[in-house]
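Chemist: Got chain A sorted already, so can you dock chains B, C and D onto it with the hints?
Protein chains: 4
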Amino acid sequence: MTSNKLRIGIIGAGRIGKVHSETLAFRLPDAIPLAIADVNLDAASEVAERCHIPRVLRDHADILKDPEVDAVLICSPTETHADLIISAARAGKHIFCEKPIDHSLSKIDLALQAVKQARVKLQIGFNRRFDTNFARVHNAVTSGELGTPHLMHIVSRDPAPPPLPYIRASGGIFLDMTIHDFDMARFLAGSEVESLYASGAVRIDKEIEKAGDLDTAVIVLHFKNGMIGTIDNSRQAVYGYDQRVEILGSKGAIATENRFPNQVTLSTGSSIQRDLPLNFFMDRYAESFESELSAFVQAVLHDKPVPVTGQDGRAATVMALAARKSVELRRPVQLEEVGHSAP
Amino acid sequence: MTSNKLRIGIIGAGRIGKVHSETLAFRLPDAIPLAIADVNLDAASEVAERCHIPRVLRDHADILKDPEVDAVLICSPTETHADLIISAARAGKHIFCEKPIDHSLSKIDLALQAVKQARVKLQIGFNRRFDTNFARVHNAVTSGELGTPHLMHIVSRDPAPPPLPYIRASGGIFLDMTIHDFDMARFLAGSEVESLYASGAVRIDKEIEKAGDLDTAVIVLHFKNGMIGTIDNSRQAVYGYDQRVEILGSKGAIATENRFPNQVTLSTGSSIQRDLPLNFFMDRYAESFESELSAFVQAVLHDKPVPVTGQDGRAATVMALAARKSVELRRPVQLEEVGHSAP
Amino acid sequence: MTSNKLRIGIIGAGRIGKVHSETLAFRLPDAIPLAIADVNLDAASEVAERCHIPRVLRDHADILKDPEVDAVLICSPTETHADLIISAARAGKHIFCEKPIDHSLSKIDLALQAVKQARVKLQIGFNRRFDTNFARVHNAVTSGELGTPHLMHIVSRDPAPPPLPYIRASGGIFLDMTIHDFDMARFLAGSEVESLYASGAVRIDKEIEKAGDLDTAVIVLHFKNGMIGTIDNSRQAVYGYDQRVEILGSKGAIATENRFPNQVTLSTGSSIQRDLPLNFFMDRYAESFESELSAFVQAVLHDKPVPVTGQDGRAATVMALAARKSVELRRPVQLEEVGHSAP
Amino acid sequence: MTSNKLRIGIIGAGRIGKVHSETLAFRLPDAIPLAIADVNLDAASEVAERCHIPRVLRDHADILKDPEVDAVLICSPTETHADLIISAARAGKHIFCEKPIDHSLSKIDLALQAVKQARVKLQIGFNRRFDTNFARVHNAVTSGELGTPHLMHIVSRDPAPPPLPYIRASGGIFLDMTIHDFDMARFLAGSEVESLYASGAVRIDKEIEKAGDLDTAVIVLHFKNGMIGTIDNSRQAVYGYDQRVEILGSKGAIATENRFPNQVTLSTGSSIQRDLPLNFFMDRYAESFESELSAFVQAVLHDKPVPVTGQDGRAATVMALAARKSVELRRPVQLEEVGHSAP
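Protein chains in written order, with numbering that gives the first Met the number 0: chain A, 0 to 342; chain B, 0 to 342; chain C, 0 to 342; chain D, 0 to 342.
Chain A on its own, in the form it takes in the complex (with noise of 0.2 Å):
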């Protein structure tokens, strides 16, 4: 770094990435948002006005090439995050790449290697890690306090299906939406998973089922430390967005609740109620997002490990390779059936 601030460059102005904007410009005083690309470059703008970035550009090569770049934020569609990873690298930028890196384990293991000869840093937008909620279980596994871990339970529900081109686009439930539980159930137990048994089903709308993916899905996760964890997914739960993790083990249990907009109780003449759940992931895990980027900012403006690793989004990937393979073939899978150990 030319300075004790990490001067980032944005690569995609769209959802997300507007979002990692506000929090660099407003909330991270040791980040400054440098520089924001993308094609659509009235968006570019927009975002960098409100974020008082001063360079907008059109072309991310642009950014790479910029000397001040310190480190990027890859936040464009799925399919370029791999060749992303590998041109940042090249270029000598630290990354923080949203989730998945790829579909392809093939491609994944390019991007990590070029990372690793280019020796930056990467970090994978594995954002729940960092919610107050999941953060506390974490920090009650690795404390002890609930002594050996023998059972996890996580339920993963979005509020309602993503519209049937970007389903199609998906890679499928398990790497789209499942992918994210599949990482939480090995930051939780601490533990690699063995073996996994993935049973799915379209529950919600047929639509999907000719699109080649299911909505409902159930897995079985064998860790090697013993445990044995169940992840309950469904694209639709009416009442809002339903993201809970229970452990039990010797000592204890833990469990999550949802987040709710107020803590208020309702006693009507027909049932005691309250307000649903946050509805939207983006409200949901709002402080998870600025926790995330805090913690890439302080990894490499202090030279140490970053909280989420290429390997971590590699495993996960894995995994939802391995439950893909489960159901087809109707029976428990063996990681490594499905990839052969990292590189």
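Watch out, some of these pointers could steer you wrong.
To be verified - Rough simulated footprint, nothing fancy, chain A against chain D, three-plus residues with beta-carbon under 8 Å: (1) 17-31; (2) 116-122.
Said to hold, decoys possible - In silico EDC-like pairs for lysine to aspartate or glutamate, Cα to Cα no more than 16 Å straight-line: (3) B:Lys223 to B:Glu193; (4) C:Lys115 to C:Asp82; (5) B:Lys250 to D:Glu48; (6) B:Lys303 to D:Glu48; (7) C:Lys324 to C:Glu335; (8) C:Lys4 to B:Glu48; (9) A:Lys4 to D:Glu48.
Hint data in this document are derived by calculation from the structure and do not stem from the laboratory. All values reported here derive from a predicted model rather than from experimental measurement. Note that the Cβ used here is the ideal one computed from N, Cα and C, for glycine as well.
Modeler: What follows is chains B, C and D alone, placed relative to chain A:
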């Protein structure tokens, strides 16, 4: 006692008399319901058959004369309580009497004097002390779990006002409804009330105003130990029977929730809800009716002090009379303005 | 029936025999506990005295011979159930039998055949169906409140493992403990299970492993109606008896909490806490034991179908056997691989 | 305004001045923090640097003279508020002033008169009205969701007493702490208070008594619309900042819970527990500080009424003075005994 079981006569075969009879018959192995009397002989017969009570009478005097009866339960209308206590005491019977003893302090004092002279036991039916929730709060206070208590708040609301004829004969909200809360306040504080300020309104039904009563009330209690308490009463909580207590102390606070028929949460597209709380005092306090009678039976059989004394019954009545006076005079009232000290 | 009350003989005066005797004696006006038999005559006498049961016997055969006995409750050890069902059926007695019928499908089928031939009623003691929480969930499913059900999750954890000798004779965790959850799953789904995948571990006590059993298990259920369910079992939840269910449907979700001895929250300088949930199945399910017997008595008296049939008992056993096989083979198992269709 | 953004000068760079500066700089696109003044110039400079505020001054008079400043935030000590309001009003600046305006009604009235004459806007910093919980309660009242309101209960407890020097200068618990609750009561009831009865004690620290103050208080509010309210105050809730409200109405009741840092429940061998609630008012009310400033900025820019007026500030002070008088006289006090009607 001539045996190791307590032989009991029940006076009054109405709603509460029936409940107590069933408890004696089916839940308390050390009690024998030996006789039941009611001017409505059919009612008495029905209870007797259901509860295997051998002697069915129209005149309660026959119970008092019965040498095999060790103790009586007075479950008749309030206006008969004081006289029945006096007769029963003179007959040498131990007495369990429903609350309140009477609306008149002088009649109460005559009754208590008779009990004292006869050296029989008298327990008053403040059943709520035996509810597991309130007993747990009491335990937190006496065990020191809360440290020194500072503030108390009692919420006590009925689902709906009783019929107007009942209200007209009730002695008013303080003697009829708040009397339970006055007893609860003394029980939980472990201290007498020195003065109180009461304020009331008619918010629900103007007919209650015409009957000279209130349907909504707030009372501030100044305890001799320095605590301050508030009672919040309403004759109408549309969501059901609302009975809660909070105490703040130097080491912590304790609060009770209502009781529900189930522990089920339903999440729909419009709210997160649960079914209404138990709506009928017989359901809400079912356990406590059994526990209070069990305590009475054991106290008599083993010649131990009863847990709720005649003085407890008197003290709650003094508070009710003070509250009535405070509303009239629109100022705080010292309890000694109302009730000379107990005999 | 020769009268309008059901005269019942109880076979077995152990823990559950005593509970059922008290229910018959004190809570069910339409039932008469007429006889009780146990090889331990003292135990039988003690229960008989407590519950006013006139006939006390050492040999259950004397109950079966008694022409005044309309129905029997089989509360003896599991290995005697099937034979007793057969004998009782041949004697023309209606039968309430504790779960499980037997560990062997062929013995179960013999018993069910005898019942069919004798045209007597047989109800199996899956009491949890009658718990107000699970009954409320069942109601939400059948009433359509949840829309089409998609996912189910059952948590069923004991406070502590039973003694090793018990475990050795238990038939294994699936036949002993999960069998309740298998029945619950069928009951709540309103659909049969087609196949299941089970996975287990020994996490709590290595002696359980030596005994050939598991203490921790996860089962995935594939229902014929397309739902997917998971069961999460542990022999040890240090915080107490943990029995919950969640169902997600197209219109909403429903979830149960555990039952607690009180509804009190204590706020201290270190945490906001409540007392542990009910820790003993007799307390946790007290109401349900009464409700199931009441249902049996009414079904016999009014010649209506019993709410839990012999086929229900058989189906849960088939699931347990399939789970055992799935663990052995490490793959999903079709139920028809284990149990030919019912006779 | 000379532009479509509001240019603001901040007077006072202490804790709350810093919070407001950050809000203006980073969260409110329509506001420009143009100048900041503090006798402690270092403090002002530090905030200015963090928040990109171009003009840093020692003397607030320089802000009032600055023709480019449209509005000021008064974040200086309470005793300066009234004079600053007068000066700012005369300088033609719109004003946001922290609570309370002053402890003296006559000084308040002078300030309000100056504001009236200058025709500038004045908003008082009763931020809690903007908290999502209390705003939701307010909404339930005004929308009719609760029907006619009958009873209100406000719990407002600090985690620990402030330092004694602070207490000595605070004007007493009613003017310093309860003043927020007095405003909340008026806000939620949608009605003025006619009379009140206050009672207080020193339960926590005898030094507070020597300082002539109370640390524990209960106030009964009689509203003009017939509602009755209670406020429950303590300077010390060891479990954290406790801020709740309950309202009972003819159609239902509403209640708020505290805010917690996470939604995690830990079940151990001794209790079911969660972490303590947010313990610092800056965290607890973070959102509300942003919302109140946003409302002020919009009211000035679009010439709309401010949501919290100078009369609101005056009314809460009148209630505090009446509470003090009620404690002294040990009787209910009419508000008009204390404050002649507003100018």
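Chemist: Are the hints correct? Go through all of them and say.
Modeler: For each hint, the structure was consulted:
Under the rule that three or more residues need a Cβ within less than 8 Å of chain A, the assignment of the region 17-31 of chain D holds, with 4 such residues. Restraint check on the region 116-122 of chain D versus chain A: 0 residues with Cβ-Cβ distances below 8 Å, three needed, restraint violated. Pair hint Lys223 (chain B) plus Glu193 (chain B) holds up; C-alpha atoms about 6 Å apart against a cutoff of 16 Å. Of the pairs offered as hints, the one joining Lys115 (chain C) and Asp82 (chain C) holds, with about 15 Å between alpha carbons and a cut-off of 16 Å not exceeded.
For a cut-off of 16 Å, the pair hint linking Lys250 (chain B) to Glu48 (chain D) is broken: about 43 Å separates their Cα positions. Restraint check for Lys303 (chain B) and Glu48 (chain D): not satisfied, since their Cα atoms lie roughly 76 Å apart, outside the 16 Å limit. Note on Lys324 (chain C) and Glu335 (chain C): the hinted pairing holds, with a Cα-Cα distance of about 12 Å set against a maximum of 16 Å. At roughly 15 Å between alpha-carbon atoms, Lys4 (chain C) and Glu48 (chain B) fall within 16 Å of each other, so this suggested pair holds.
A C-alpha spacing of about 15 Å is found between Lys4 (chain A) and Glu48 (chain D), which places the hinted pair at or below 16 Å, so the restraint holds.
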